[in-house]
Each structure stands twice: as structure tokens, then as C-alpha cells.
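Novice: Sequence order for the protein chains is A and B. Counting from 1, position 714 in the first sequence corresponds to residue 772 in the numbering used here; the numbering is continuous, with no gaps. Counting from 1, position 189 in the second sequence corresponds to residue 750 in the numbering used here; the numbering is continuous, with no gaps.
Hint data in this document are derived by calculation from the structure and do not stem from the laboratory. Take these hints with a grain of salt, some might be off.
[Claimed, not checked] Here are the simulated BS3-like cross-link-like pairs (lysine-lysine), alpha carbons at most 30 Å apart as the crow flies: (1) A:Lys119 with A:Lys145; (2) A:Lys405 with B:Lys712; (3) A:Lys141 with A:Lys175; (4) A:Lys406 with B:Lys712; (5) A:Lys200 with A:Lys175; (6) B:Lys712 with A:Lys347; (7) B:Lys777 with A:Lys343; (8) B:Lys796 with A:Lys664; (9) A:Lys405 with B:Lys796; (10) B:Lys712 with A:Lys664; (11) B:Lys777 with A:Lys406; (12) B:Lys777 with B:Lys712.
Predicted, not measured: the structure shown is a model, and the values here were computed from it.
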Amino acid sequence: MMLSTATQLSTPPTATPSTVVPLANRNIYLNPRLQQGGTGQMGNQRSEEVKKVLDILVRTKKRNPVLVGDSEPEAVVKELFRKIESKELGAEGPLKNVQVISIEKEFLYDKNQILSKIKELDRVIESRIVSGGVILDLGDLKWLVEQPMSFGGAQQQQVVSDIGRAAVVEMGKLLARFTGDGTNDNNLWLIGTATCETYLRCQVYHSTMENDWDLQAVPITSRSPLLGIFPRVGTERILSNPGENLNPLKSVPTLHPALTRRVSENLDPAQRTSFCPQCSDNYEKELSKLVAIEKSFSEAKQEDNRPSLPLWLKNAKLQSSDAKTIDQSEGKYQEVLSKQKTQELQKKWRETCLHLHPNYHHKIHSDRTAPPALSMPSLCNPNLFVRPPFQPRLQTTKPLGEVLQLNTNPVTSQPQGCTSSIPGSPVRTDLVLGPKGTENTPEKATEDGVKDLLGCISSEPQTKVLDKFADALDADTYKKLLKGLKEKAWWQAEAATAVASAITRCRLGNGRCRGAGSRGDTWLLFTGPDRVGKKKMSSVLAEQICGTIPVIICLGSQRGGEESDMNFRGKTAIDRIAEAVRHNPFSVIMLEDIDEADMILRGSVKRAIERGRLTDSHGREISLGNAIFILTGDWSTTNPEATRDGHVVDGKKLASIASRDWQLGLIVREKSAKRRVNWLQNEDRPIKPRRELGSGLSLDLNLAVDTEDDRTDGSHNSSDLTIDHEDELGLVGRQFTITSVPHELASIVDDSIVFKPVDSSFVRREIKNTISVKFSMVVGDNLPIEIEDDVLEKILGGLWHDQTSLEQWIENVLAPSFNQLKPRLPSIESRGLVVRLVVESDSGERRNGDWLPSRITVEG
Amino acid sequence: MGVVEEAHNVKIVGSGDQTIVLAHGFGTDQSVWKHLVPHLVDEYRVILFDNMGAGTTNPDYFDFERYSTLDGYAYDVIALLEELQIQSCIFVGHSVSAMIGAIASITRPDLFSKLVAISASPRYLNDTDYYGGFEHEDLQQLFEAMRSNYKAWCDGFAPLAVGGDMTTVSVQEFSRTLFNMRPDIALSVGQIVFQSDVRHLLPHVTVPCHIIQSMKDLAVPVVVSEYIHQNLGGKSIVEVMQTEGHLPQLSSPHVVIPVLLRHIRYNIDA
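Using the sequences and the accompanying hints, generate a full structural model.
Specialist: Following this line, the structure appears as C-alpha cells:
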């Protein structure tokens, strides 16, 4: 067993009894995988290495192991000594009574005495070797090849390696002396560890050592995954202080302390102005509180540097202690840290202030969204925006955005006094010279690149669109928008009115006040089951307001066949939104099926609505610009019977009908017998009434106008979520309720608009009427046109999916064929004849892209 | 260092008569306590460890069966305390570890003098007469998202859980430790945690319990802390802090640390 050792020698530090007791069954709560400890994967590896070392020790030649490896070869040595100490090696063999003597570290560092120490060692070994052998633990061999103290100089290096060389020789003698006879059990072994580098150096500097010492190198493989927390310390340090990397102060080439200080002084007033006085008071209070807390903590701990704390804990401690301590380099580091903390506090108050006093932040906000002069890539760091001393050009751009917003946004900007004094002349010039005249595309193309770079907060395109909005917000914008909406989605007249007024309102700056008062992004929530209506309206909005097609991003489970763009593979929906905004911050982005989105996605969207900024999955934050977001979701419960009975237009059914390749034809037929009865009754009145059918035409028109009136009439109460029953919806309306629009969503969007289920009889009637009117206008009113329900169904299905509106289609496709038909008709007497619009062919898959037939065959 | 300490990355810092065990919650490791530890080391002996399955532990030790309930973790805690020969400790548990501590304290009340529970919830799912904050579908979507793209899920979940921007240090920190976990282990742990229901065990907890809770927490509605308070078998006290997020000790240390220190130092009046 271990005996007490001489002063300069000590036992290995591992040998505390508590840890060496075998673990078996000692702790019933223990994870069984840990109980297997010795034979477990990790332990396995180590015990194999120990075994390897033992094998070397019992050899007669090359029996002194040096464990070479970069990952804790010491642990293997410790394990070996533990085994020796606890006599796990068995009663037999040359190692059964061996003792371990370790060379003390300090002794190794005192180079001048090293030789005399080795002589001393000689005596100690001699006194103890009789009891069964000694293993001399040399520790890390780097003492043979390196100078541990930083003396510097080549000469010193030379001296050290001289001493090392002498030590090698002495140690060799020592070894030879005790193992010379080789016959008895009382042997001396050497054991040491080395990193690969150290061992190579040993081989270079002490070429005879390997032989003289009878060494055998044992490579120790690195034990990959589990090395405790220490190997992670490197990353830990970096990651737990990202402020160190992100902090702009670090990247600015002014590490000179004085300069850094000046920067921070400059920084402060700039930041103070970013809250209103009230919030800045609060901020000051909280800051002083923070400082007080930190001081009280740090004062208690300043004196000692606590060596027992792991590195990451020290970091945390530094972070919370006062900046003015310790030496210069560390002080600087701490300054950065505490600044980071202060900045976070400032940021917090800035955000609070933004929420509480949006008007004050009009100015700040335009700072944020329009700093094109900033050329640094890390624009996502809001700290950058409050550093005018570094970016003088910012000054010129700031008022630009401001004035524009003042122009377009008179309502919100007038009440605040703080932005009124804006330097006048250069700004006006900018306005005149700037975006207004430049609508040419090449500039736009170059801008796109810049936009991507700057995370699309360049002010140039923004002004363009703002101008556009200003123009577009003429009195008749609303009408134009409404007309467009009603044309494309005529069955949702009520919703169209609501959408038009919501958009107009938001664009005038009267949207719901979310955080910053002057945000450009608009959020609408379209509820209800009518997916087609929502899509059509989005297209109209995109075309009229942004001149583009809408970006459609599906948040829910992808529906079969719809918009499965391969480019979206592997991107999260949020990334796609971010990409869309980045690509064009002035687009209409339709986020479909938010009701089916998962919780995280919903949460992210909600945060985006609240903050006007979006964080993509790479952590980049982008401003939402002036995009119009349309969230869609169903949340409705429709009476299933209504769908089954065909009262309600069923999108799926229509898709299956319309997806086939079908052609329409016009044929002239005798009135069918069955119908003749009906018509005979009507035609009791001969020519004269037929003439009056001229007024019949106008009657038809009146009818159309009537329904139009009905619709506009009904739309007065459209913005309510609960629906009053419209006459024309009848049964359907009564069976439909929007139930569970989450309040959290409904309360933060600018407006919610309900899309009712579509009453199929109403839309069929409407199609029929419109076609009839056209027909009588072209062909004349003396010939009726008959359209069967299945044809109507197909037209409806086509309309549902095609981009064209009913009017367009009638004008472009039906009207020409009516014209074609007209000369073929018997000129005078068409009594008893009827023109029928019928399905000519209906064959399988659709061939071309159009959902509606592009021409109609006419039979004479 | 014994196998247990090594496996759990046990760190023992500071000195004092009383021992404090700091237990981290789902998706973090012991570094979540970095703001707190420096304030404890002068008065207390502080034991830090990583729960099995955390990114810093050896995945080979993660026995999916053992950790299919919270009991497995509770046994780990007891095993650790026995291993370190700790007679009695103040157990500070965050999130799921608060419940793990509660379970452990039922088995071995002698080992625990006090429980401090931060952002704890006995059940995350809503139930009749119980509001846990999550619907079944929410969780299914959550797990599905974890399954499909763990990195993206981490980046999405971290800001929500912490309640801050991706730019803040604490969110980056949480997302780092979250992403450190091996995805399959994270999914398993997440499922166990979010689907756990230890409400029936609360009455058996006799150790005094200090319940500390954020005002706004995605994972734990404020009412839950009241529920725990009402149902615990022993004495308990609730403090709701004006903080946001599920990891207040990481995101708002300047608020949380004084509160925590108070609850660690002082006991509930008899």
C-alpha cells in the first residue's frame, strides 16, 4: 500500500477512498447505465487502455510506458494507479506489491536542482523498492523539452535542454541501476504521459532517451463525446458572450481605451433621445438600480478571484461586476460587457416607449426603416441605428423618410411636436429630384441587389411606393379598388367593400395602432370558407396597389396540387415570408391557412404583427416594409347539410369538374317540347311584346342592378364578425357562423373580413343572368338562350380557378361567338328556336393552362 | 471523480453550511444558472449538474426507458445526492426540474429542506377544470416540427420560450443549449415533459415549496402556479415576477436573482 512519501514526492491526487470503492449496488437510485461504469462504452475504452499499459509493464523489454495522446492520457494513468492501489490486479504477477512514487511538480520547475533531486530520488527508491517494486510517475514529459517559465531567449532555451539532456542521462542511470539484475521482482518502472508534440520533441532533443529509458509509447485515442464541460469551455465563452462579437464597438477599429470611452460618451446622448422624456426617466431609474445591484454584488466579491469557479461562471461574474476593476485589458473587456447590459436595458425601454408613446417614435422609426447609408452588414443590430457620429450621411436620409411620411401621413404626424422642425431645403430637393420621376427599370434592378444586402430597408423604393400610395389615395382609389374587387370576386360583394375600405383606411394611416404608429405594414385577416374569393381579392389588391401578383405562402398543411413550389423545400414558412419581403417589401403576401399553422408558426406571425419585424430561422431580423399581409383561415362552421345539398359552392367538387378538358358550343335548336309549353304561354303575345323585349333587356339590366343594390346594401354591416342574414344568402347564411377566430389574432390585425360561403344557386343565377344579358345585347332579344345547370357548374368551376373574371371571359370568349352566331340565325322568324350553350366535349385531363375554354364552337 | 459525477458533469463550487442544488430544465444545461451562481458561492455550497439528455451529457447514458417518466430523473437526483453524501439540500429546480425535485422529495423527504420551483407546471395540457396552456393538437404540431427540422424548431422555439428577439443574448444562449441536445433525445424528453402529469403527486409533497413564476410565460400560465400552491401537501408560497418568458433567470437576471436569493435565504413563516 501507499506509504507517506518524502517531501518532494507525493502520491497521486486521485486516490481518495470514496471514489475508488466499486460502485456495484451501492446506490439503488443510480442509472443502470452508469452502474455498468467499468464495462460501459466509455469505461470500456479506458480499461482497455489500462490493460494495454499493464501488458507493457510486465514485459521484459520496452516495458516503461509513455502514454501519448492529446486527450487526457493522465486519466489512464490515474485509473492504473487506482487499480494498483486497490489491488485489483490480483495477487500474482510482478506488479502485485508495486508502489507508486510521483515526481513533484515544483521540483521539476526548478531546473538548477533537477540533478540533485534525481539523486535524492535515487535514495528514496532504494529504500522502498525492496517491498516489491516501484513505479516512478514522471508526469507530463514536457518538463524535459520545454521551459515552463517565460525566460525567453535562445540561450535560455539551450540551457534548459542541456538540463533536460542531463536529466535524461541521470534517469537512465537510475533505471539501469535498479533494473540491472532483472532477475528479482524488485523492479523500477517509469511511467509518463505526453502530448504528441511533446513526444516528438523528446525524440528530437533526446534521441537516446527511448532506448536508455526502455520506453514504449502507448497511443491514447481521444474519447470523443464526453469530456465533461471543460472542453466545451471554448465555445461556451464565445457563445455566452455574443455581445462581444456582435457589439459594434468591437468591430470599430478603436480599441484604444480613450477612444472607446469617447465613443460611449457620444453614444449616450444619442440613445437618450430615443425615448421620450418620461420613458427616459424610467430608464435612468432602472439603470441606476441595475448599477446599484451590480455594485453591491461586485463589492462583496472584488477582492478574490475565486479559482474554484469554472471559466463560464467567471464570465458570468465578470458580466455582473463593475467595470472599473482589475487590469486594463480585462477592464476593457468588462466595459464592453456592462455596456452590453446597459444597451439591453436601453433597448428594452426603447421598445416599451415604442409601445407606450408611438407618436414620439415617429421619428425614431423612420430612422430605423430608412438608413440606406449604413454600409455595415450587421444591420440587424438595432444598436447601430443610434450612432450618428459614425454615420453622418444618416442625417440626410433621416429627414427624407420623415418628410415623406409627413406628407402621406398627415393624420398621425401632426399631433406630435417633436418632429416638426426638420431642415427644409435639402429635403425638398431630394423629394423633387428623387424617386418621383424615376420609374425606370434599370435602377430598380440595381436596387434589388442593394435591397437584399440591406435587408430591404433602403429608403429609395420606399419613397417610390409612398408616392404611389399618396397618388393612389385619391378620392376615387377606393372606388377603383372596390370595382376591381367586385369584378373579380363578385359573389363576395360585401367582403369586397370591407376589404376596400380597410385597405384605404390602413393606407391613410388609420389602421390599428400596433406599437410604432407609422408602420407601413398592413395585416388583414380573411376568415370564412371561401378560399377562392380570398385569393381573387388578394390578386386584385396586389395588382392595384403594388402592381404585382401576390405571394402566396401556405402556413397550413399543403393542399394537394396547390402552389407546391419546389423552391420552398427545406425552408420554413417564416423563411419564405422573410424571403418574400426581402425580395419586394411592397408586395401583397398572402399567408394561407393560419388556422392550420402550428403553434410556433402562429407565435412567430403574431410577433411579426406586433413588432413589424420578422426574424427568420437564421436569426436575421428584417423589417416588414410596406407589405400588405393577408392572413387567411376558415374558422367557420357550415352546416354539413348545406354543403351536401349543394346550397354552398364546394371548392373540391368544382375543381374536379373544371379540371377536365371541356369545350362549350352554341347550338340552335327547336325548343324542346317540354319547354314549349312554358314558352308557349309566354309567347301568346306576338310581335309587339317581342318588341317590348327591348325593355325586357333593360328589365334584365335592372335585375342585375337590383341584385347589385342588394349586395351593396347588405355590405353596410360587413365588418362585423357576426353575420346578419342576407336575403340572397337565405338558407346558407343562416347555417354559417364564424366561430373561433382566436381573439389574440383578431385583436392585433388591422381588420378582419368575413368571407361567407358561396350560395351556389346565387352564383349560377348570376352567371346565367350575365350571359343572357350579353346574349340579348349581341344577338337581339328575340331569341332566348338556354344554359343548363351542368354548363353553369362548369363555367363556375372554371371561374373559380382561372384568373379571368366572368365579365372578361364573356367579353373575350362568349361575345365573339355570339357575333359569329348572329349572321347564321334565321333573320326574321326565329320563333320556336332556342340557342343553347352546351358542353361539346368533356375529355379527361386539361391540356392547357386555362381553366375556361378560350373559344366556343358555333353550330349553325 | 466518480462515474455519477462525471456523467452529470457535477460541479461543486462555493462553501457554506447549507447545500444548494441547482437543477436546470428542458433544453438547457447548468449554464442556465450562470447569473445566479456567483451570488451564492459565498454563503452556500452550490451543486451544479446536468440532467441526463442535456446536450452536455453523454447520449449513451440516455436510457430512453428509464427517462420515459419523470421518475427516472428524480432517481438521478437522489442518486446524485447520495453519491455526494449530502444530508439535506435546498433544491432549486427550473421548469421540469422543479417537478423532478418534487417527485424526488416525495421519495426521500429527508434529503430536501426546501424546494424552490421556477416556472414549474405539473401538467402542460389543458384538462377539464385545469388550464395548462396547451391543447393536444398544439403539442402534436410541436413534436412534428421537432421531428421534421430540429434546427429550425430550435430557432423558432427559443424566442418564444424566452420571450425575446433572436438578437438578445439569452435567446441565443437558450437556442444554443437547446440545439446541443441530440434531436431524438430532445424529442423524447420534450414529449415526456410536455405530456407529463404529476398533479396527483402534489398532495404528497411535504417539503416547503417556493413557487416563482413569470408574469408571462409561453409554457406555464400564471394560474398554474396558483394551482400548485393550492394542491401541494406542504407549505408553499407563490411569487409572480414582472418578467416575461419561461427562463427568467436567463432573460431577466436583474429581476430574478434578488427574488431567488430572498427565497433561498428565508423560509416561509410558520
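Novice: The structure should be examined with respect to each hint, and the outcome stated for every one.
Specialist: Hints and how they fare:
1. Restraint check for A:Lys119 and A:Lys145: satisfied, since their Cα atoms lie roughly 24 Å apart, inside the 30 Å limit.
2. Only pairs whose Cα atoms come within 30 Å are accepted, and A:Lys405 paired with B:Lys712 is accepted, the gap being roughly 27 Å.
3. Among the hinted pairs, A:Lys141 with A:Lys175 is consistent with the structure: their alpha-carbon atoms are about 28 Å apart, no more than 30 Å.
4. Taken as a hint, the A:Lys406 and B:Lys712 pair is honoured in the structure, with Cα atoms around 27 Å apart against an allowance of 30 Å.
5. Using a Cα cut-off of 30 Å, the hinted pair A:Lys200 and A:Lys175 holds, with the two alpha carbons roughly 17 Å apart.
6. For a cut-off of 30 Å, the pair hint linking B:Lys712 to A:Lys347 is broken: about 38 Å separates their Cα positions.
7. Annotation: proposed proximity of B:Lys777 to A:Lys343 holds, straight-line Cα distance about 23 Å (limit 30 Å).
8. Between B:Lys796 and A:Lys664, the direct Cα distance comes to roughly 39 Å. Violation of the 30 Å bound is thereby established for this hinted pair.
9. This hinted pair does not check out: A:Lys405 and B:Lys796 have alpha carbons roughly 40 Å apart, beyond 30 Å.
10. This hinted pair checks out: B:Lys712 and A:Lys664 have alpha carbons roughly 21 Å apart, not beyond 30 Å.
11. The suggested pairing of B:Lys777 with A:Lys406 holds, with an alpha-carbon distance near 16 Å, which does not exceed 30 Å.
12. Distance hint between B:Lys777 and B:Lys712 is fulfilled; the C-alpha atoms sit about 25 Å from each other, no more than 30 Å.
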